[in-house]
Amino acid sequence: SQKIEQNSEALNIQEGKTATLTCNYTNYSPAYLQWYRQDPGRGPVFLLLIRENEKEKRKERLKVTFDTTLKQSLFHITASQPADSATYLCALLNQAGTALIFGKGTTLSVSS
Amino acid sequence: EAGVTQFPSHSVIEKGQTVTLRCDPISGHDNLYWYRRVMGKEIKFLLHFVKESKQDESGMPNNRFLAERTGGTYSTLKVQPAELEDSGVYFCASSRTTGVGFYEQYFGPGTRLTVT
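Just so you know, the sequences run in chain order H and E. Mapping to this note's numbering: the first sequence position 62 is 62, numbers consecutive. One rule links them: number in this note's numbering = place in the second sequence (from 1) + 1000.
Keep in mind that a hint or two might mislead.
With a Cα cut of at most 20 Å, we get these calculated EDC-like pairs of lysine to aspartate or glutamate [stated by the list, open to error]:
id : chain 1 : residue 1 : chain 2 : residue 2
1  : H       : Lys3      : E       : Glu1042
2  : H       : Lys3      : E       : Asp1056
3  : H       : Lys59     : H       : Asp84
4  : H       : Lys57     : E       : Glu1104
5  : H       : Lys59     : E       : Asp1056
6  : H       : Lys104    : E       : Glu1085
7  : H       : Lys104    : H       : Glu9
Residues on chain E that point at chain H, a partial pick, calculated with CB under 8 Å [to be verified]:
id : residue
8  : Tyr1033
9  : His1048
10 : Asp1056
11 : Phe1091
It should be emphasised that the hints constitute simulated quantities derived from the structure, not laboratory data. The beta-carbon is built from N, C-alpha and C at its ideal position, and this holds for glycine as well.
The task is simple: from the sequences and hints, build the whole structure.
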């Protein structure tokens, strides 16, 4: 079955540094991969989508890469701020295209 | 534009009781999804409605769970009778009409269900 792994449960970095989160998937060749942000007590919020024919996507301080050979996506936050502290989720659409498959998420803590 | 709303935000019930969760999607969104996060696990898909029809209910754990979306607007998810392992956070999401391409799913804040 399709599976997503986010290698780190938690990541602690200092303000101003770049945070890099990893997402690996198996048993699937998705057309695109998504990243969501989740704050405590709230639902996931969509951040970025990257398609299989795109190597890299940027949005403000966010950058996502997608390597379909390695079956891996990297999510970068540059010049990190304490407000970036949250749980970041990697997600794929299932093969039926009807639902999202999520990783467990990586909780990022940015200290000032 | 109002977001996806869910009610209640928290529910604590005893094993064997019944609970009904409600989700109001964003107006005009034909697609409605239910997901669940059990402690320590990832968010998992339960089912998908397109308007009032169940498009995919492959993620429903068992027949103690019943989802409805009468009239294609709000949806309810009933758990009867509740078991301890049903505890978790239940999320609802909605999106525009599907077709070719990607349609962002908008999530509600979730209902935290605790079965004691």
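- [ ] Compare the structure with the hints numbered earlier in the document and write down the numbers of the violated ones, lowest to highest.
- [x] 5
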